[in-house]
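Okay, here's what each chain looks like letter by letter:
There are 4 protein chains.
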Amino acid sequence: MIKKVYKIIHEIVVDDSTKKGRLFDIIIQVLIILSLISFSLETLPELNNQLYDILQKIEVVCIYIFTIEYLLRIILNNKKNYMFSFFGLIDLLAILPFYITSGIDLRSVRVFRILKIFRLFKLLKYTKSIDRMSDAFKKIKNELVIFFIAILFLLYVSAVGIYYFENPVQPEKFKSVFHSLWWSVTTLTTVGYGDMYPITIGGKIFSTFIVFIGLGLVAVPSGLLATAFTQGIKKSKD
Amino acid sequence: MIKKVYKIIHEIVVDDSTKKGRLFDIIIQVLIILSLISFSLETLPELNNQLYDILQKIEVVCIYIFTIEYLLRIILNNKKNYMFSFFGLIDLLAILPFYITSGIDLRSVRVFRILKIFRLFKLLKYTKSIDRMSDAFKKIKNELVIFFIAILFLLYVSAVGIYYFENPVQPEKFKSVFHSLWWSVTTLTTVGYGDMYPITIGGKIFSTFIVFIGLGLVAVPSGLLATAFTQGIKKSKD
Amino acid sequence: MIKKVYKIIHEIVVDDSTKKGRLFDIIIQVLIILSLISFSLETLPELNNQLYDILQKIEVVCIYIFTIEYLLRIILNNKKNYMFSFFGLIDLLAILPFYITSGIDLRSVRVFRILKIFRLFKLLKYTKSIDRMSDAFKKIKNELVIFFIAILFLLYVSAVGIYYFENPVQPEKFKSVFHSLWWSVTTLTTVGYGDMYPITIGGKIFSTFIVFIGLGLVAVPSGLLATAFTQGIKKSKD
Amino acid sequence: MIKKVYKIIHEIVVDDSTKKGRLFDIIIQVLIILSLISFSLETLPELNNQLYDILQKIEVVCIYIFTIEYLLRIILNNKKNYMFSFFGLIDLLAILPFYITSGIDLRSVRVFRILKIFRLFKLLKYTKSIDRMSDAFKKIKNELVIFFIAILFLLYVSAVGIYYFENPVQPEKFKSVFHSLWWSVTTLTTVGYGDMYPITIGGKIFSTFIVFIGLGLVAVPSGLLATAFTQGIKKSKD
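Chains as they are written, first to last, in this note's numbering: chain A, -5 to 232; chain B, -5 to 232; chain C, -5 to 232; chain D, -5 to 232.
Bound-form chain A, shown alone (with noise of 0.2 Å):
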């Protein structure tokens, strides 16, 4: 009867070719994006006792649901492959923080709840696809690194340019090569928020000139990417 028993456990919670197992993945899904909203919910300043006593009991189900899940999937599976494989990691996560806090507020740490999403990827049959972007990845990885270490390099050495020019007169918004990096990321990404940036004309033609190369570099791997994954769509269907 155990035997039977385990075998429909098995079916449900490890297997996902089945039916029931299927099943059982979309419903552990739906409560992983539930105990999300009810997370984020929870932040929201104009909530009142009630509902946010009502979010809590939520979450508590889930972190439960999800406890009993990673005991299952530990007896059933070979124990140490998945205690030790990356989704094994990231359900523990997913839960230790609930049992470990106690009195000090960690509420951040339940995030880590997100990474369960993953599965998502498993159970919607996306693995080829990613095989396939993460083999076009490899191909390029090289490249990649060096662009990495060029953009580096440029958000230090224009964070000391400006840093020169912008701190005699803005010595409060480029107080120091630190807080100069600020503006190199939110330039040479061009999100430009508006917080920082050169009122002097050394500042702004030197920023002219990093923000031109910057582009270059910080659009380059992007493009790098796509072409790669294109090409290996490409090959897998020729």
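Derived from the structure by calculation, the hints contain no laboratory data. Careful: at least some of the hints might be erroneous.
Because identical chains cannot be distinguished in the list, a pair is counted as satisfied if it fits within a single copy or across any two copies.
Below, in silico cross-link-like pairs of lysine-lysine (BS3-like), each with a Cα-Cα straight-line distance of 27 Å or less [to be verified]:
no., residue 1, residue 2
1, K198, K169
2, K122, K133
3, K169, K122
4, K228, K132
Since this is a predicted model, take the numbers as computed values, not measurements.
Dock chains B, C and D against chain A, hints included.
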């Protein structure tokens, strides 16, 4: 005699391979644009009453013509086919609000009329290019879905993260996770209005990571589309 | 004797395969840039009168030289051919405003002179690359037209949408559909000056959809151009 | 005996195929980053004197080590070859400012030390990828030059245009064509700080055209680089 009239009207309204048919389509398109312009002009606050009346009359005339066109299409086409086709529903949406609203101000619904403009592509004989593009689109659909989920995930994670960094210092701006989502959107798309930006060191470092990851995630789908489209063009021209 | 002079002048002005011809072209280009710089300097409000007079004189001299060049080109080339050619009209536009303006301030028209700079490409012998690029451009013309119409459509739809969300709360900024169009432009291009942005929840959700769709629409044409150009280069080099 | 010492030092400093040589290179890299961090920390205004002294000492020690390294490289390498090589000049620039400055504050020059970091690419054995990228770069050089000139042209034209539209209403911000150039840069790169933006109808319509043209011009070169790089990778891997 009636048969002859029927035939002529059919030629004008439904058939777009004849000269008359094309002229009729062009007139309808011009009326659509005219009605959109008059609709937009009506929103101007400084508009004097006289002009407002003229614009209203133009709109009413346009709607009557569209109604006649719609009825003719129903009569002339195989009724059901047209009524429940894509263009049939659009044409209905474009005139319906005018007849069902009375008393309440439903001016905004009138904007559905713009959907009629999609007939333009049919008129301009770009169907081949559109087919080619939707073929290319299908090939990379899986990749686009993955990126779409990844972007949603990043939007949420960045909203939660910035909320924890900035809420204590800027409780007015980063009120809740939902309010922080707006920051995520404007930052990851690099719009950067400047209405919300991090001021804590932790928030700035977090944003730096998020914006660089985000730039990649947001730019790659457009790149994928562009390369897929070009390959589609190349193949069909070889 | 006259024939010899004619031949020498022809060599200098029209023929750009000889050493003298190239030198003449370079001198004209330098004069164009000189006249543009002096024109720009004149807009500086802190300029003293003495320098202003010098700059004006430089401009007048440049114009006289351009006029002589223009007349020589008319005489030396097959008259009609040059006068109604692209470069002929540009050269005329570059000098005409100087002669027809009197009394009224038409300084702005002088800027047409900059068009003369397009001769630079001819001078730099990049015609092959430009040809290759315009070939690539033609191949994807249909796609570009479709995207152009789609962008126009999205600009209008987003302007109407944001008008309905934001006009009731920010009637000063989102005055009419036309005023809202400016928001559409700055948002869809991700410039995001911060002079106009949604503050209602509806407006923010609407903007989120619009900006993600818009990012795709706006980025794809540049990507199409880039991949088409590279394929053109590849083909001609194989 | 001296020969043996010479050989060992040669192995450590010049040869980077041996274990010792690689370790030496890594130590130098760490020192470069250490000296850059200490340099950046010194710009912090809240720094106490004690820490400032420690940072200064770190910098001095780093410079001494770099000097010894530089002298060793000159002695051990074929003298002339190294001194006038790219890395030789960079190494000199990284230490020279320390010795020639006295009295006057030339802290900014110290930043040249960062250039030493380029040795990193050699250390990381990415030379093959860099070669491949510079090959791809050469292939599209002509196209990049054309786009570079076109961007310069557009920057100038947009500055002149916006000056004429906005100067009469915002003389403080759009003071001259040169001041307007800053607007052109922040707009065409889509940074959009919000320190300068058009408020007239004419200026807004003009900006709309400019920013859409500009988006294409600015985005295409990055796309060209990306596709050219991917083709280079593909070719070398086939």
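Structure-based check of each hint:
1. K198 with K169: Both, since 18 Å and 15 Å are each at most 27 Å.
2. K122 with K133: Both. Shortest intra-copy (17 Å) and inter-copy (13 Å) distances satisfy the 27 Å Cα cut-off.
3. K169 with K122: For K169 and K122, neither the intra-copy (49 Å) nor the inter-copy (40 Å) Cα distance is at most 27 Å.
4. K228 with K132: Both ways: K228 and K132 sit 17 Å apart in one copy and 12 Å across, limit 27 Å.
The structure shown violates just one earlier hint, number 3.
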